[in-house]
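There are 2 protein chains.
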Amino acid sequence: MIQCTRAATYDRHVPAAETPGPTGELLAQISDDGGVEFARPDRPLIRADDRAVVRGDAVFETLRAAGGRLDNESAHLDRLEGSAAAMGLPVPDRAAWTELARQVTAAWGARSEGMLRLVYSRGVEDSGRPTCLAMMSSVPESTLRHRRDGVRVVTLARGLAAADHADAPWLLVGAKTTSYAVNMAAQRHARAIGADDAIFLATDGQVLEAPTATVVWAVGKTLCTPPVEAGILDGTAVRALFRRAPEHGLSTDIRRAWVADLHAADGVWLTSSVRGAVVVTAIDGQVRGDAGLTPRVQSAAGL
Amino acid sequence: MIQCTRAATYDRHVPAAETPGPTGELLAQISDDGGVEFARPDRPLIRADDRAVVRGDAVFETLRAAGGRLDNESAHLDRLEGSAAAMGLPVPDRAAWTELARQVTAAWGARSEGMLRLVYSRGVEDSGRPTCLAMMSSVPESTLRHRRDGVRVVTLARGLAAADHADAPWLLVGAKTTSYAVNMAAQRHARAIGADDAIFLATDGQVLEAPTATVVWAVGKTLCTPPVEAGILDGTAVRALFRRAPEHGLSTDIRRAWVADLHAADGVWLTSSVRGAVVVTAIDGQVRGDAGLTPRVQSAAGL
Numbered sequence: 001m002i003q004c005t006r007a008a009t010y011d012r013h014v015p016a017a018e019t020p021g022p023t024g025e026l027l028a029q030i031s032d033d034g035g036v037e038f039a040r041p042d043r044p045l046i047r048a049d050d051r052a053v054v055r056g057d058a059v060f061e062t063l064r065a066a067g068g069r070l071d072n073e074s075a076h077l078d079r080l081e082g083s084a085a086a087m088g089l090p091v092p093d094r095a096a097w098t099e100l101a102r103q104v105t106a107a108w109g110a111r112s113e114g115m116l117r118l119v120y121s122r123g124v125e126d127s128g129r130p131t132c133l134a135m136m137s138s139v140p141e142s143t144l145r146h147r148r149d150g151v152r153v154v155t156l157a158r159g160l161a162a163a164d165h166a167d168a169p170w171l172l173v174g175a176k177t178t179s180y181a182v183n184m185a186a187q188r189h190a191r192a193i194g195a196d197d198a199i200f201l202a203t204d205g206q207v208l209e210a211p212t213a214t215v216v217w218a219v220g221k222t223l224c225t226p227p228v229e230a231g232i233l234d235g236t237a238v239r240a241l242f243r244r245a246p247e248h249g250l251s252t253d254i255r256r257a258w259v260a261d262l263h264a265a266d267g268v269w270l271t272s273s274v275r276g277a278v279v280v281t282a283i284d285g286q287v288r289g290d291a292g293l294t295p296r297v298q299s300a301a302g303l
Numbered sequence: 001m002i003q004c005t006r007a008a009t010y011d012r013h014v015p016a017a018e019t020p021g022p023t024g025e026l027l028a029q030i031s032d033d034g035g036v037e038f039a040r041p042d043r044p045l046i047r048a049d050d051r052a053v054v055r056g057d058a059v060f061e062t063l064r065a066a067g068g069r070l071d072n073e074s075a076h077l078d079r080l081e082g083s084a085a086a087m088g089l090p091v092p093d094r095a096a097w098t099e100l101a102r103q104v105t106a107a108w109g110a111r112s113e114g115m116l117r118l119v120y121s122r123g124v125e126d127s128g129r130p131t132c133l134a135m136m137s138s139v140p141e142s143t144l145r146h147r148r149d150g151v152r153v154v155t156l157a158r159g160l161a162a163a164d165h166a167d168a169p170w171l172l173v174g175a176k177t178t179s180y181a182v183n184m185a186a187q188r189h190a191r192a193i194g195a196d197d198a199i200f201l202a203t204d205g206q207v208l209e210a211p212t213a214t215v216v217w218a219v220g221k222t223l224c225t226p227p228v229e230a231g232i233l234d235g236t237a238v239r240a241l242f243r244r245a246p247e248h249g250l251s252t253d254i255r256r257a258w259v260a261d262l263h264a265a266d267g268v269w270l271t272s273s274v275r276g277a278v279v280v281t282a283i284d285g286q287v288r289g290d291a292g293l294t295p296r297v298q299s300a301a302g303l
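Chains A and B are the protein sequences, given in the same order. Sequential numbering from 1 applies to the first sequence in the numbering used here. Sequential numbering from 1 applies to the second sequence in the numbering used here.
What the hints contain is simulated information worked out from the structure, not anything from laboratory work. The model shown is predicted, which means the values in this text are computed figures rather than measured ones. Hints may be right or wrong, so weigh each one.
As the list claims (entries may be wrong) - Now the in silico label distances, taken between C-beta atoms and shown as ranges:
| # | chain 1 | residue 1 | chain 2 | residue 2 | range |
| --- | --- | --- | --- | --- | --- |
| 1 | A | Pro246 | B | Val259 | 49 to 55 angstroms |
| 2 | B | Gly34 | A | Ile254 | 50 to 56 angstroms |
| 3 | B | Asp32 | A | Gly88 | 34 to 40 angstroms |
| 4 | A | Asp167 | B | Ser142 | 24 to 30 angstroms |
| 5 | A | Gly88 | B | Val259 | 24 to 30 angstroms |
| 6 | A | Pro90 | B | Ala166 | 36 to 42 angstroms |
| 7 | B | Asp149 | A | Asp32 | 34 to 40 angstroms |
| 8 | A | Ala66 | B | Arg111 | 41 to 47 angstroms |
The beta-carbon is built from N, C-alpha and C at its ideal position, and this holds for glycine as well.
Make a model of the complete structure from these sequences and hints.
Dropping the structure here:
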């Protein structure tokens, strides 16, 4: 079923593994027949009336590629399926997505780390044919800086109650949609006031998540993160971190927290697939430490 | 500054005015030099790494074209500017947008009603060049049906408090962004449970807005709508309706409401640019009347 007639041809045009660096980019899509079709990243691929463009009506995943492999690939594809179900999108063709991710990762090569984005949109209006994309690009400079220097965060009201929104599926809580305008605006606001990133709080002050990451904090040698029932995304990076934490002498716990808990914690990190675990060096202007735990947390995060 | 070398050529390919109907569509963009550039609507125009695609990081407007003219054009362009400012997008080039809208409307012609969508996206990542689109298409069949038959609505929790979010600009309340996944999910949910559309309620039960329309209700001969300070979009259609209401023997008022107020009202309508004022025939399964006001309200709405 998987055809990839154009993949090899395209590889010759952009041999990413031979030309690593910030300008490298790979683009491919699942074609109508379920095959993988590479495209020139600098050429338009999406119609203006694609629902992703006009209505943010799409779901996505961002994965880390390193050494020619994708981290936590099946967890990301599982979540893509969950997001699609929440959005009433057709069930993604798992074999086609797996092959798409595999071919783009193979074309990217093993020598440089990459950021793979999968986008699954409802497609052109009334067409009934979803758009299925994979884009590989270099890890942004800001990501490298955050890994190295950590991030100063500000807490921002999300305007939502911390609640299990399972009885309100139209709110799409837990679905990773491309309707990220508020997430992006929160990060812009954070930067505008001299921070690097944000942590969203519920109306009762409860800690939710960062715009593009999960919040993790340490109480002694226990890593904690809020429950997805607080109304947050099920983070793939935090899952991987928690799975490996015991090997690094750390226990884990799922618990609700308020800002005071973060201030009182021994360390606070933001975990996401490409940044890994970045240490929070200040919250709302209050500088904080990490009890020397960051190297161990980053190792457990697999980065 | 405005160049439109390709507009005339394209008009000859798709003479929309000669071929009205559901398949008619026109697409144009503001080119790098500020001119108007027509494109084939069935060809990809957007790069996969456009922020509109990957992050719903764009604003939009939907206008009604009739008789070769756009309804409330300057109000829509004003709101586009406001949305852009809220999103930290570059100030839109008003002259270029006006010319874009003018040329697409002229190419569409006067014989058939059209729906013009303007999309202003942050553009390709790190390019610093926004994407500026105009798409004209026929009025959807569902819109015609809603105008004729009205809509049955269900009230759905929006998860947000009714509040002036001016102190939380990152929430983008009042900005018409393309991050509409929740709006679309609410309409899907409404249809799934046998209704046609939804009305969002705040956490205190206060009436907010519909996913793509403003809520208007009548108390006697007074048309009412919630204040934008409730955390809703500033509707261009309701503004036009309220401006013309006195000529039709109707007074107007801005006031907060709860579902009970809608049930007790003499009529309830959803107002939006292309649908106009559509009468609400049922709320949460409770059938309701309009005191015979709908023809007058629709006349005042200019449709």
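### Query
Could one say that the CB atoms of A:Asp167 and B:Ser142 fall in the range 24 to 30 angstroms?
About 27 angstroms separates the Cβ atoms of A:Asp167 and B:Ser142, which means 24 to 30 angstroms holds.
#### Entry: Consistency of beta-carbon spacing, B:Ala166 to A:Pro90, with hint 36 to 42 angstroms
holds (40 angstroms)
### Message
Just to be sure I understand the hint, the distance between the Cβ atoms of B:Gly34 and A:Ile254 should be within 50 to 56 angstroms; is that true here?
### Response
holds (53 angstroms)
### Query
Could one say that the CB atoms of A:Pro246 and B:Val259 fall in the range 49 to 55 angstroms?
holds (51 angstroms)
### Query
Could one say that the CB atoms of A:Ala66 and B:Arg111 fall in the range 41 to 47 angstroms?
violated (59 angstroms)
### Consistency of beta-carbon spacing, B:Val259 to A:Gly88, with hint 24 to 30 angstroms
About 26 angstroms separates the Cβ atoms of A:Gly88 and B:Val259, which means 24 to 30 angstroms holds.
### Query
Is the gap between the beta carbons of B:Asp32 and A:Gly88 within 34 to 40 angstroms?
holds (38 angstroms)
### Message
I want to verify a distance hint. Is the separation of the beta carbons of B:Asp149 and A:Asp32 within 34 to 40 angstroms?
### Response
With a Cβ separation near 36 angstroms, B:Asp149 and A:Asp32 satisfy 34 to 40 angstroms, so the hint holds.
Checked against the numbered hints given earlier, this structure breaks only hint 8.
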